[in-house]
Structure formats: C-alpha cells, structure tokens
Amino acid sequence: MKPVVIRLALAAAFAFTAQAASAQTLKTVKDRGTVVCGVSQGLPGFSNPDDKGNWTGLDVDFCRAVAAAIFNDATKVKFTPLSAKDRFTALQSGEIDVLSRNSTWTSSRDTSLGLNFAAVNYYDGQGFMVRKALKVNSALELNGASVCTQTGTTTELNLADFFRTHKMKYEVIAFATADETVKAYDGGRCDVFTTDVSQLYAEKLKLTNANDHVILPEVISKEPLGPVVRHGDDQWFDIVKWTHYAMINAEELGVSQKTLDEALKSTKPDVKRLVGTEGNYGEQLGLTKDWIVRIVKLVGNYGETFDRNVGPGSKLGIARGLNNLWNNGGIQYAPPVR
Amino acid sequence: MTGEREGPAARPRLAVLYNPKLRGIFYQLVLLAIMVWLGIEFALNAKTNLQAQKIATGFGFLDNTAGFGVNQSLIAYQESDTYGRVFFVGLLNTLVVSAFGIALATAIGFLVGVARLSNNWLIARLAGVYVEVIRNLPLLFQILFWYLAVLGALPAPRNAISVLDGVFLSNRGIAVPRPLFGEGSGLVLAAFAAGIVVTLMLRFWAQARQEKTGQQFPLGCAAAGLILGLPLLVMIAAGFPIGFELPQLRGFNFVGGVTMIPEFTALLIALSTYTAAFIAEIVRSGIQAVSRGQTEAAYSLGLKPGRTMSMVVIPQAMRVIIPPLTSQYLNLTKNSSLAVGIGYPDLFAVFAGTTLNQTGQAIEILAVTMAVYLVISLITSALMNWYNSRLQLVER
Amino acid sequence: MTGTTQTAYVAPAITAPLPPPIAVGGPVGWVRGNLLNSWSNAIVTIVSLYLIWAVAVPLINFLIIDAVWDGAGRADCLPEKVGHSVGACWPFIGAKFSQLVYGFYPWNLHWRVDLTFALGAVLLVPLMIPRAPLKMLNSILFFGVFPIVAFFLLVGGSFGLEHVETRSWGGLLVTLVVAVTGIVVSLPLGILLALGRRSHMPAVQGMCVIFIEFWRGVPLITVLFFATYMLPLFLPNTWTIDALLRVLVGVALFSAAYMAEVVRGGLQAIPRGQFEAASALGLGYWKTMGLIVLPQALRLVIPGIVNNFIGLFKDTTLVLIVSIFDFLGQMRAAFADPNWSTPVTLYTGFAFCGIVYFVFCFSMSRYSLFVERRLNTSHR
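Residue numbers (the numbering used here), protein chains in the order written: chain A, 1 to 338; chain B, 339 to 734; chain C, 735 to 1114.
Hints are computed from structural coordinates only; laboratory data are not their basis.
Please note that a few of the clues may not be correct.
[Unchecked claim] Below, a list of computed lysine-lysine pairs in the PhoX-like style, where the Cα atoms sit at most 25 angstroms apart:
#, chain 1, residue 1, chain 2, residue 2
1, A, Lys-222, A, Lys-289
2, A, Lys-132, A, Lys-206
3, C, Lys-815, B, Lys-359
4, C, Lys-1021, A, Lys-206
5, A, Lys-297, A, Lys-268
6, A, Lys-76, A, Lys-132
[Said to hold, decoys possible] Reference excerpt, derived from the structure (chain C facing chain B, CB under 10 angstroms, subset only):
#, residue
7, Ser-774
8, Leu-1054
9, Arg-1066
10, Thr-1076
11, Leu-1080
Just so you know, even glycine gets a beta-carbon here, dropped at the ideal spot from N, CA and C.
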C-alpha cells in the first residue's frame, strides 16, 4: 500500500515540476534524446504549428538544426510554445534547452537575466502597417493617427520615442496579445499597426484582405533576433552559436542540400573543413566530425531555411535585405570554421 | 494513559495538559510560529530570487520615466512622465469608470427590479429574462461582446454615424461637443446654481403647505423653469457666452470635442448592465421583504401605485437592500479591473500590466495595486455603512 | 413622520368609492387584467412587445433561418456565395469544436479527457439528486477520489499514460478543470476558515478574518497575477511550478475566502442548543463540529455553494488574461484564424459561447433554486 501512495505523491509532485537548471545541457539533452526548444505560440514564417501540430518556420528550423547536429535526426526536438512574458523564465528555470523565439538581443537581457544570446539569425526592426486606402507613404505622415500595439514589449516604447522625436501626436491602444492587436487593427480600431517588420509580414497574412494593407518603408528600431541559452554552460552556448555560424558558412561556401554530395568530394580546403573531411572541428565542440553535413542534409543552409520560411519562396515574401550574406550586401557574417 | 499512575504529581500534569485555555494558547503559538516561519521563508526566497534575476527592489522606480503612451487620461500625461504619474492616471481611470458604472447600474437595477414586480405581466417577464440572461453569462464575455461585436461594428471615422452633426459614433469612439466657457459664462452657471437652490426651497415650502392644507404644488414644471429656463434666459441676455466645440474629422480621427474611447464605453455598458441584473434581484427581494400590508394600507389611503412605491415601499425596502447593494458596488469596482481584457487603461492595465512588464518589480507593484483595491473596498463599505446607519436611525 | 402633529391636513369628507373592477374571465380577462389595466400599462405592453419583436426576430433569423449549416471555409459563409444575407456560420464552430473543447490536447489522447468528463458526470449526477442513496460514499468519491483519478488521467506520465503538458490543454477542459478544482479545494479550506473565524482563539480568529477579508477585497485578476508573477518569487528557485497550477492555487485561495463566508452563514444558523447538547454529551470540538454542526450547516448552504460555483465558473474566463486559453480564450483565438474570417464569424462565436455558458450557469442556478425550495419546505 505504502509504496503506491508514495509513488502517487511523487508522481504528482514531479508532473508539475521541471528539473532545475543544469550546467551539462548537452549531456542532459543526449540522455533525454530530444532538444527542448522554446518557440513562439504561432507566428507564420518563424514558428507556426499547422492543424496537426507540425511546426514550421525559421526559428523552428534552427532548433531542428541543433537536433540534427547532435542526433543526426532533425525530428528529435520538442517544441514548447511560449508567450512573450514566459519565455525567459522558462529558459532560466531549465524547462527548455534553447529559446528560439524571435527574441531581441538587448544589453539588459544579455547581462541581467542570466542569459546568453548565441547569435543573430534574423536582423529585424520595428515598422508600421497601414491601410492602402489612407494613401500614406511614410511614417512621418502619421500625425494624429491611432496606433495598435502589444503591451509589455519594446515596441510600445519605441513607438512613443518615434512620435516624440518627430513631435507628432498619436493615440496608442495597447493589447495584451498579438492576436488581439491584429484583430483590433483589422477591425478598424486603429489606423496603424506596429511591431517588428518580420512580424508585420506574418500578421498581414491573418488579415481579412491582406492586399489592402501596406508596410511603410521606415524602420524605427534595431531588433536583432536570435537564439538564447542559459548562462554558465559554455559548451552548450558554443554548440548553439556554431550551429548558426555553420549554416551561414555553408551558404557562403555554396554548400546546400542539393550540392552536398559534391561538397563531400570537394578538394577546396575550406569546404573540406566545413564538411569534416579535414580536421576534427566537430569533435572539439563535443559533437561528431560530420555535424555540419547533418545540419545541411536534414535542414539546409541559412539561405535555404530563409527562403523556405520567410523569403520570396514563402507566403511572407520578405526580401533578404540585411539578412543577406556580408558579401551580398547584407550583414550576416560568420567566423570561419578552422 | 495517566490513569494507572496514582500519585499527587499526576493531577496537576493532567490539568495542565487538558486545560483548554493553555491548550488554546499553545495552538495559537504553534500557528503563529508557522506563520512567522512561512513569512521569513518567503522573504528569504524573494531576496535570493530577486538577486538572481537582478530585479531592483524598492519604490524608486516610481520616479523613473514611463516612456509609453496612455490613450485616456484625466490629468495631463505624456510619455516623459514618471511611473508614479502613470499610477494616478490609471487610478483615476478606474475611479471614473466605477463611479459612472455605479450610477448607471443603480438606475438600471432599480428600474428592472421594480419592473420585475410590475403587475404588467409582459414587462415583468421581460425584466426576468434580462436578469437571467445577464446573470448567467461571464462578465468578461459580455465586455468582449460589447467591445468586439457591438462597438467594433461601428463604421470607420470617415463614415461615422452623425447625430445632429454634433455627436459622431465610429469605431474610434463617441465624439461629443465640448462646451467652451467664454466671458460671462460665470453668470449662466450662477443662474443654474440659483435655479437649483430656489427649487429646493420651493420644494420645502410646497411640502409644508401640503402638510397643512393638502394642496399640491406643480413642482415639476416650476423646477424645469427654474433650473433650465433661468440659465437659458441669462445666456440669451449675456449673448451666448457658452459655445460648443464640435468634433471634426481631420486626418485620421476626430479632432476637438470630447471623445469617449470605445474601450471605456464597452466597459461601462458591460459593467453597469451586469451589475444591474444583480441589483435588480436585490431590489426585488428587498421590496418583497416589505409586508404586503404596507402596500395595501397605502392603497386604501388612496395613494397611487407609483407614490406607494416611492414613499412607502422603497424607503422600507432600503434597509434590506443597502447591505447587499454595498457588496455589488464593491464587485463593480473590483470587476472594473477586467478592463485589461480590452485595453482600457485602468489602474490594473497600466500599472499592474504595462508598468509591471517594463520594470519587472512584481512584488511592489502588485502589493500597491492590491492595497488600492482594498482601500477602495474599505472606503466604500464605510460610506455605505454610514448611510445605512443613518437610514436605520430615521426609521426608528 | 411629521404626520402626527395637529396641524396635519385631514380631508373634510370621505372621497367617493371607485366603481368595483369589472370581472371578466378567460384569456380576454387575463389580458385586460395583466397587460391593459391602465393607459400607462398599455403603453408599456406595446413597448415591450416591440422590444421582443426587435430582439427575437433578428436573433432567430441569425441563429436558424439565415444560418449556414455546412461548409468548409470562409467562402461558404460569404454573402456572395450564399446569395442572401448570412446569419450564423456554424461550420466555423464545427471546425473549431475540438479546440474549443480540448485545446491542443493531442488528438489521439482525447479519450482521456472524455473519460474524465464521463467519470465526473457519473459521480456528480447522483450527488445532485437528493433522493439518491449513498450520499457519503458518493461525496467521498467525488471530492476525494475523482480529483486524483482525473489528475492522473489528464496529466499522465505514469501508469503507462503519455505525459501531456498543461500548456497544451485548453478550451472547455481548462474551464472545467479550473472551476472543479476551485470548488473541490475551496470547500474544505473554506470550512476550516469559517470555523477559524468563529473560533475563540484570538490569533486564529484574527488570521482567518484577515485572510478572508483580504481575498474578498481584491479583484480575482490581481490574485491571478499574484499567483503568476509573485508566487514564483516567494518559492525556492529550484521549484518550477506549472503555469496552470499557479492559477489553480490562486483560484482556490480566492474562492476559499468566499466559501468561508457561505459556510459561516450556515454555522450561524445552527442554534446554540446543538453546541450545548454536544458538549453535554462530552463531545470535543472536532467531534461536535464534524458530527453535529457541519452536517446540518452544510446542508443549509448547498444553494450558497452552488451559487459560489456559478460565480467561479464564470470567473474562470479571467484566466485568459494570464494567457491560459479557456473556452472563451480559445474562441477568441479562433477569431484570428484567417481561414474563417468573415463578417459573421465574430457573432457566431459569441452566440455559441454565450449559449454554452448560459446553459451551464442557468441550469446550475435552477438547481440551486430547487434545493433552496426543498430546504425551505423541510424546515417548515
């Protein structure tokens, strides 16, 4: 009798508690057999579940790449959808291994929350969306407008700064969730909807008549978005950081899902180092030599994931812009593998 | 247990063990100790957690710049003001919606409550349906309904529904003219005040006369003439010093006049209709608590049903009505915090919502917010208790 | 008031009596007596009739006559396709039904939720029928065993059941979990608080009074925020408490305070003689309370408990503010789906949501009335 009772009590206690933060994330992940990845609750292009619960998006693909590098299986990821408020707490408490949820890298978040931003996988900035019928061409013509925004984000503060700087009047209507905000804008409660440009493109798809709306050219803030890990586990930090750099390097060297077989036979020294036919760079990370091959084979290089999820090949149709490689006019730049 | 041991020493021990007073003290000490231990434990945990998460403590944040906008404020507010000012902006918004809500809910509630007892079968049923439907739907559901389905369905400002070219209804709110007080408008206001004073005096005199002679005085007409007519005459004489600033569509929105934002309107309607359903039930049971003989006696004295209601039944019913009415007023005030669901900038939304999010100082902010609601509760119940005791005194 | 003074006016003669009312039977008489017995009443009747007409006709049109009953997407609910003005778009509810009931609970595990609902219903129904036997056993099963079984069924993670995170719960499931947990936890807690409030020990009494009045004085939403943002700070940082559990703690504490007041009402209604008789028999405090007072007091406050439950059931909607998706929250999320965005989607959602909430709350309030009436007769 007693053991059952105790088991019941223990199960009850543990069902609701996650394990505490541990320094050996890689070991934990390998023992568990999955990477637990915090993503957004539903943002087309970045992390979005379909009706059957399959996740797609740029942030999602990043998590898959981490899983591919560790397990040679891109499906060994468990996605935990998180709200903007809960995301950092979930990471701090060890509930998730990596947070890949369009989170902006700021100094205070990097220093005071006990977190490390590993890389920037999307350079974003805050923009404005208006109805075409208003015939507004620039954010500077928005004097007197009503603006819908989500509360508790830097968006709200940037917005106030922008209108104050340009001495324009505005009425702000702040909602608790992104869905409410979009719905309010769609319903005509405000003239302008403001959030990160990538999100504007994504939310535009949710509007009743997506073609009636236009995104204004002005970008009023810097929003570098990237994956985040906990302080205090440098090995895990390196793995996450280099997963991103590996994807960038692969694109830069022309290694993609299509050209992978050629790359494996390549004689170019930098390609050989990338695919692991020369050197043991993967092992230095605590992974295998072919870790980048696994990523490219199972997920793709950075350019491929970008095009598939948010770029011209997707519903969102966002231009590469700043997210182009450094040698193509953008600022995505990765240290070399050597 | 102690029965076997027979000796003089056993008795006092037994007495001490079974002394109810001492046992009570012991239990209380244990309870207090647990509470103190819990308190210390919580405080220590909070300290470590706050340090680990690098969250500031203390109320210094109240002097920091808020940096965000608020779309309804009774006092001057701009983004460069402090969180301390945001607190007052929110508090006033809470108070204003609660005050209007209480007034409106009381009016609707009494009307429906009386209608439920009407001898007109149809209106009684109708009032019953109102009460049942409203009471059995969640308040947040009703707030969202009014906000999204009713006010959200109004046309855009460009196609606003206009009433007499002065009031405009659109999905940005209800824009009404704002009175402009020019030179000499003091006279008009003085005339208005004088009208009210004279009416009150007239009422006193008319009552005294009725007591004496039974003659009634047409007070309604006189009051209308004094309160409305007198200021109107003065206004004409002074050459219309009070003008109106009409709302005008300029750019994106209506400029000028006063705009009631839809968040306010939706919250006000939902709060007052919801609370009114409960008040109606209170009023009904209060009236039913007054014995039927009172009504019959009043009828036999020749009082009309309306007068019977207002002069005989309701004053007596009030004694039963007041206590539960108080708690409804409190509920309304507390429920106004649901504003956060539709983005009305009340105390909860701007302070416990946005400010909490920006500063992360959950303990201080929630403590202050809870304290404010507690103080409002205490003041309201104190006022109502005072009113209640006054009512009881007059009766006895 | 001042009518007793000598100066008061007294009519010099008796006013002539009014003619006796005309007695007419049958429906005509009823209409005359109840609807048209005076001019003002007639006007009220006409206005009421107009009101009913103005509300009922569009409502029926919307819900039934103009409604679209099947379709696969937004196109089927647009007036261009239907050919007339569109009422409710019921296929929208059909498409979202599983989300409204289960949230994102895994498809293949829905049976676990269904089984929990069924178990709850099987235990609850006999508990609510006054005549049904074995009340004691039944309430132990419902209040003691059922929550544990439901917990393991829904959460899983043991006995070979797959673990389901509460984050993927939603819809009616969350609504019912919050409401039922609230009531099951708050009842014993409320009884203890009520006893404490009537205790003769000043420290116990004081603490209970402070606890009760504090929770009753603040809005539920601050309590939810307290549970969500403040509670984790007060606990050791190695504990990570699930978001739903945090909310459940908040709701339970909040409703315990209200429950305590309901129970206190019952306790006060028990005559002193009962306590004295129990003391005379030599029963101690807990025996007096458990065997004599509480059984009588609790039976008296069943309507109050049910009313409390209705309030709690309605208040569960507030969890959507701390981003837990209950029934209303799921509906609100469903509004944002572009595949179903039509002019009538919003109204369809509100209509369905309203009907569901109304059916739940109305039937409970009728039940409470029924119990109240039964109690009244047994007392007289």
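Status of the hints after comparison with the structure:
With a C-alpha separation of about 36 angstroms, the suggested pair Lys-222(A) and Lys-289(A) falls outside the 25 angstroms cut-off, and the hint is violated. Distance restraint check for Lys-132(A) and Lys-206(A): the Cα-Cα separation of roughly 16 angstroms lies within the 25 angstroms cut-off, and the hinted pair is therefore satisfied. Restraint check: the Cα-Cα separation between Lys-815(C) and Lys-359(B) comes to about 82 angstroms, which exceeds 25 angstroms; the hinted pair is violated. Under the criterion of a C-alpha separation no larger than 25 angstroms, the hint pairing Lys-1021(C) with Lys-206(A) is inconsistent with the structure, at around 63 angstroms.
Proximity of Lys-297(A) to Lys-268(A) is assessed by CA-CA distance (about 19 angstroms); at most 25 angstroms being required, the pair is judged to hold. Distance restraint check for Lys-76(A) and Lys-132(A): the Cα-Cα separation of roughly 44 angstroms exceeds the 25 angstroms cut-off, and the hinted pair is therefore not satisfied. Hint status for Ser-774(C) relative to chain B: holds, with the closest Cβ pair at about 9 angstroms, below 10 angstroms. Evaluation of the Leu-1054(C) hint against chain B yields a held restraint, the C-beta minimum of about 7 angstroms falling below 10 angstroms.
Annotation: interface hint on Arg-1066(C) holds; nearest CB of chain B at approximately 7 angstroms, less than 10 angstroms. At its closest, the beta carbon of Thr-1076(C) sits 13 angstroms from a beta carbon of chain B; the interface hint therefore is violated under the 10 angstroms criterion. The restraint placing Leu-1080(C) at the interface with chain B holds, with a minimum CB-CB distance near 6 angstroms, inside the 10 angstroms limit.
Comparing the model with each earlier hint shows violations of hints 1, 3, 4, 6 and 10; every other hint is respected.
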